[in-house]
Structures are given as C-alpha cells and as structure tokens.
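**Student:** Single-letter residue listing:
There are 2 protein chains.
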Amino acid sequence: MSDADEFRRVATAAKEAAAELAPLPRAPKDAALRAIADALVARSAEIVEANALDVAKAREDGTAETMIDRLRLDAGRVEAIAQAVREVADLPDPVGEVVRGGTLPNGLELRQLRVPIGVVGMIYEGRPNVTVDAAALCLKSGNATLLRGSSSAYHSNVTLVAVMRDALAGTRVPAEAVQLVPGRSRESVKHLMRARGLVDVLIPRGGASLINAVVEESSVPVIETGVGNCHVYVDADADLTLALSILLNAKVQRPSVCNAAETLLVHERVAAEFLPRALAALAEEGVTVHGDARVAEFGDVVPATEDDFYTEYVSLDIAAAVVGSLEEAVAHIRKYGSGHTDAIVTRSQPAARRFVSLVDSAAVAVNASTRFTDGGEFGFGAEIGISTQKLHARGPMGLPELTSTKWVYTGEGHLRTATGTVIAASGE
Amino acid sequence: MSDADEFRRVATAAKEAAAELAPLPRAPKDAALRAIADALVARSAEIVEANALDVAKAREDGTAETMIDRLRLDAGRVEAIAQAVREVADLPDPVGEVVRGGTLPNGLELRQLRVPIGVVGMIYEGRPNVTVDAAALCLKSGNATLLRGSSSAYHSNVTLVAVMRDALAGTRVPAEAVQLVPGRSRESVKHLMRARGLVDVLIPRGGASLINAVVEESSVPVIETGVGNCHVYVDADADLTLALSILLNAKVQRPSVCNAAETLLVHERVAAEFLPRALAALAEEGVTVHGDARVAEFGDVVPATEDDFYTEYVSLDIAAAVVGSLEEAVAHIRKYGSGHTDAIVTRSQPAARRFVSLVDSAAVAVNASTRFTDGGEFGFGAEIGISTQKLHARGPMGLPELTSTKWVYTGEGHLRTATGTVIAASGE
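Protein chains in written order, with our numbering: chain D, 502 to 929; chain U, 502 to 929.
Since the hints were derived computationally from the structure, they do not count as laboratory data. If you're wondering where the values come from, they're calculated on a predicted model, not measured in any experiment. Just to be clear, a hint being listed does not mean it is correct.
Note that identical chains are pooled: a pair holds if it fits in a single copy or bridges any two copies.
Calculated lysine to aspartate or glutamate pairs in the EDC-like style (CA-CA distance at most 16 Å, straight line) [stated by the list, open to error]:
(1) 691 with 717
(2) 836 with 539
(3) 836 with 517
(4) 558 with 570
(5) 691 with 507
(6) 516 with 547
(7) 836 with 521
(8) 836 with 808
(9) 691 with 504
(10) 516 with 677
One chain only, chain D, in its complex shape:
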C-alpha cells in the first residue's frame, strides 16, 4: 500500500470513529480516559524503553542536552502524563452545552449546541507528552485525533499511541479515534495538510517555520498557535518598582515559553529613571539586552537590529527600545509583535484603557506579567495550545475551543412564506 493510500485508510477510519464518538455522553468518554491513564501507568516500563531508543538516537545526532531532557521519559514523567489525563476526565464536557437558545416569535424553538469538530490533526514538535495530552483533550471533546509528532520522538509516540489504543479497546470509544499519522517522512505531513474532507482542522504546535509552512500549504483549516513575541510597555505613569518586577518575571521566570517577554518598551519620560535600574537587574539575571540607541544611553547593551524586534528569543535575551508615547508603543507592537500577549504597566486608567483598546493581540495584560496567558491560569483546566490567529479561537484553547456548534430548531409544521410563518395542518 502506498503512503498516500495508507494515510487515506487511517484518516477514513478516524473520520468514522469521530462519527461514533461524537454522540457519546460524558460517562463513557471519562471511563475511556481513565482506562488510558491506568494503561499508561501499567505499561510505563515499555514506554520508557521505547523512549530510550529516541534518546539514544538524539545523543548520536549530537542533540543539545536541554532538548534531550525535553524528550526523556521516566516512570515519574509517565505518571505525570497519566495524571494529566485523569484531570481531563474531571473537567466538564463541553459537548451539548447550549450556547444560545430561545423561542422565536413564530414559536420555533431554536438552540445553538456545542458539538465536536470531528477529526483534529495535530502537528507538533518536541515533548512526547503532547501526544497524550492532545489525544485526551480531543477525546474528551468528542473528536478523533490524527497525531503527527516529531520524528525525534517517533518510538515514544508509537508506543504511547499503541498503549492508548489498546486501552480504548475495552471501552465504548473506538480505538480508531486515536491514531498516529503513518510514516516519518515530510510527505506524511503533506498528506495531512491536503486531507480536506477527512480532517476538519489542523493545529500545528512548534516554531514559526513549522506553523508558516502549514498555513501556506494546508487546504484543511488551520489554527495557528504559540509564536509569542510578547512586549512589556512601561508607561510614563508606571509604578517603576512594579514595572521592574513584572519585566523580570515576564522575561526570566521561564524564558523558554511562548508567553515570556521578548521586548521591553519604555516611555521616554521615565527612561532615565527606569532603564539604569532595569539594565542592571536584567544583567544580574543573566539577560542580554539588545537595545536601540536611546536604551544604550543608560547602560551596556548589544545594539539592536531591526530583526531583534521581530525575534522570539525563547532565551535569556530581550530587545529594548525607548518610545515617545503610548501610541508609538502600540505602533511598535502592531509592527513587530506576533499578537500573543502584550503588557502595559501604568497607574493611569486612561492609558490602560487606551492600550487595551489599541493593541490587537490575543491577550493584553495590565499591571501583570505576560506569563499569565495560559489555559491553566485562566481556569480552563488544560489547554491544547495558544491561538495567535483571530478566527475560531484566540488565546489559550481549552475544551470549548475544540468544539463547533450546531443549530437545532423544532417546530410543529412550521412553513416559511413570503409574508411570515404558517403552521401546516396536521393529518391527525
């Protein structure tokens, strides 16, 4: 069987499984999730063994030790993955929720209900825990998943998916609802991107180049996630002590994540007071500042290039610029930002209101660290990614963001005429 045929077979099976899974109520879905969690723990040794193959290959390839650490599974990490699945089981089921509803003037009862999307394709890099997280969130929201993880985690993913599917065999959720995209080649990603009619949405998670490639080539609708060039803007009316704490937290607390700050903007009226303190504190935390000429007046910085302001460093680096006004800060964010999270530090209510209104990003923080843009922090229980696009979902995506809706209207023989509704005569 050719790769393309094999992909079609798998995707068709996923579509059929999705149709079976969609109408299931909460209880059998939660039972299936608990069966998965139990199986992961019971077969932990097997998972760790498969993972060791990926780790050995990564070492052979000279992969950096920090990346290897992201890849590695041990019994404790497998237990944590299983625990996350149990937490998904405990979350409310979004399916069937009445989003809007009422009785129309003509007596038709109209309801808009949450329903599963269908088949969700996940394309992701890095950690093998995403394989299980994504499958669990999709299953809970009534969706089948087609998983295409990093080839560096291939053996781990094959085993994790096998364990999940074996666990499903004893439940009311069809095993075909969780599937790995066959093959490890780049071609297999292409099959997924061209599978319109079989796959309802693609969610790429990874670096900007992966996400851009998927958006450019996919005929399946895509939800872009995760690129975060987040800004902290210190306004003329900022409490500078607070601003410094927020800046440091946003940059340093976990520099490798998408909601970490990548650019500092300082209003010129407070630059002389704020920047010397900020540059010293950042240096103390080991942060390299890529500053424009006006920032350089206040301390040692690496001269910033135009590119620096576009960059998501995901490291202990930050770009920095002085701006003449709040409007200039907003223009900078609009030009260079990625539409993830941008923060203002200010005591001025009008300035906060104006910043919130003008910044066109998934999240805007006022006197708070950018690090709070997160499904867990927002109380979603879990997230499948952070959308930086404007359609369907924007910001952290929890279970409701993995659903579509369906309109249902119920009448008693309602007919539409040019002059209004008529109720048909019954034959009784």
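Based on these hints, arrange chain U on the given structure of chain D.
**Tutor:** Relative to chain D, chain U alone:
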C-alpha cells in the same frame, strides 16, 4: 503600478483603516452607516445609470433573463439597499461585548471581549446589493472590507463603492475601510487569496466551484458559505400530512436559495402511503423528481444517478430515495450532504433526538421547513452568509460572527511563580 503593487497599496490602506475603525464606539459607526444610506438614495440615478452598463453588457453576452433580473437596479431597489443599511445601523454593536469574564482565584480580573477581526475580504457573485450589505455589516462590526464582486456587476460595484466612500469622507470612519479590489481579472482574486498578513479572513459567496477554488488556493483563512444540499427525511413515525407540507415548502417556496430542499428521504415503512401523494403534489408544483428504484415503484420519476444525490439543484428538481431506517437516512446525509440544513419529520421524540444527535450539519430542523435557516429568521437582523464549515462560525453569520475576541487581564503587580501568584511590591 503593477496589479500586484496596486492590490498591496489598497490592502495596506484597508489594514490601516481597520486599525482606526476598530476602537470606534457605536455612535460614529452608526452615523457613518446612515450617511451611506442617505448618499445611496441621493445618488440613486447615478447608480442606476452605471448598472445599466452592466445590464446592457449582460444582454449583449446573451445572459439569461432571470440572471439579468438579479443584476438590475432601479430606484426602488436602491432604496431597499439603503433601508437595509439603516437596519444594520439599528442593530446592537457586537464590539466590546464581554463574552466571558470574572475574577480569578489570584485576584486577576479576566475578561474576554469581542473585537473586530480586521480586514474582511469578500468574493461574491451576482447581485450588486451584496456590495453594500457586506460593507455595512463589516463596518458595523468594526472591520474594513475588500470587495471583489462579479465582473458582470463591475460598473454597479464601482459606483456603489464610490458613493459609500464619498459618504464616509464626512464621518469618523475612514473611507479606506471600504474598498474595491482593483482590476477585473482572475489575477485580482489571487492577490486577495495570497494576502496573508494584510487580510484576516476571506468569505466567498457563490457556487461550489468558486468556494472550492478559494479554499484550495487561499493562504488567508476562509469561511465557506452557502452550498446547500438540504434533505427532508420523512420518518416511519411522521405525520404524513405535515411531512408533505414541509417537503413542498422546503422545495418550492423559493427553489433558488441555499436552504431549499434538494433531496427527499422516505422511511420504507411509510413509502407506500407517502410517496404516491408526494409525487403527485410535487408534479403539480412543476417539480421533477430524480428517484431511486424504490421511489420509482410509486410513480413516474427520472431515474436518479449517484450524482443527483450530490447535487444542489437550485431549481424545481429534487432527488429522492427510500431508506430502511433512520440510521440509513443519516448515513445518506453524511455521505451526500453539504452540511447545511437537514430536516426530520416525525412524531417520535426518540427519533428526533437521535436524528439531531447524529446529523452533522450546521442546522437540523425537526418538524419544520429547512427554509428557516436564515439570519433574519433566527433574529440576527442581517446575515453576511451561511457558513457550512465547522470552524469560527457555523450556520447563519450575523454581526457577532464578524468578530474575534481578545483576553484582557488586569492585576496590581501579579507575577507568576512555580508555586503560585505573587503580588509585586509597589514603589509608592
């Protein structure tokens, strides 16, 4: 200036206008809409004159008289278009609505607000009234529009857009918020489809081939609209008198629209009683029935091909089949349907519940005509199209469907740490 450069100039101006328009409150937007309505009426003669060029060209090209009627504008029709704009002004403004919100356990105030999408690209066929309707709905929801109508309505559209832009010149809404895509060639549609970063969403309205071409080629996110292969399923437990009324209304009341019925499915237990009556009544209304072999047992029909069941006739034709069960009806709808609207006629509550749960379409009607799937009927006031896809919006799209959301969180120095939230000390 090349076509591509000219397109870029126009789209960039639209993007800048969108940023200016987005934060405007309701009053200046409504004032702009009323200015547009007044200008359309005041310059009606000019509009009708431009339209006459399109009508003359269509005649020269041998266009069918029904199509010419769709194209033609007169003073009365221009007045109706202006009245529709006034009605949009009267609708509530979706922008700024708090979709979700509350205070998190750590004290962060979190709100999810409706915000405009940005720049909406419209690609549409036929009636020039869409030019004004689309621009008005986008303006009200704070979006700029790039309009690409049918080349058969070129002169009408050029004049309508000129009138709208002139009217905006005296308002707080920038004229660049309403723009025609330059050029009449197919190339100009391609520019629109490749304008990722400048255009936020494309809404194609027209036949299946237009919509498929846009979905396949666009790197800008697309909302598919309007293809309606709607089914009426007459269940074993149907009130057959009611079923006949609903069938006739769904097929005959306005056959040219997307929510008209295109396929009749009849449960075998009622086929012998229902079909002879239905075939006679349909014949009396001038409807040609394309029936399968089992339907043909009960009257004269054109033999149905496989293709008939996939077809959106938009004419006085209907495909018809006998099914062995509700499940078989659902399987037929899943295979051949377009996911628009499907109706069940039944007295059985369990059958209705099962049909609603299993049919995966934008709308499911119970004991009501499919013709009610409509923004106006649903109480939206106006609609920009009917989405048959699952992401972002499904079913009739009103003003809220032309918005995205933005998360705003406000703290007092909220920092995220590994163990929970810490409030930074203030410098005061």
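**Student:** Please go over all the hints and tell whether each is borne out by the structure.
**Tutor:** Hints versus structure:
no.: 1; hint: 691 with 717; result: both (11 Å within a copy, 14 Å between copies)
no.: 2; hint: 836 with 539; result: neither (48 Å within a copy, 37 Å between copies)
no.: 3; hint: 836 with 517; result: between (44 Å within a copy, 11 Å between copies)
no.: 4; hint: 558 with 570; result: within (13 Å within a copy, 69 Å between copies)
no.: 5; hint: 691 with 507; result: within (13 Å within a copy, 33 Å between copies)
no.: 6; hint: 516 with 547; result: neither (29 Å within a copy, 54 Å between copies)
no.: 7; hint: 836 with 521; result: between (46 Å within a copy, 15 Å between copies)
no.: 8; hint: 836 with 808; result: within (12 Å within a copy, 50 Å between copies)
no.: 9; hint: 691 with 504; result: within (11 Å within a copy, 32 Å between copies)
no.: 10; hint: 516 with 677; result: within (9 Å within a copy, 44 Å between copies)
Hint violations for this structure: numbers 2, 6, all remaining hints satisfied.
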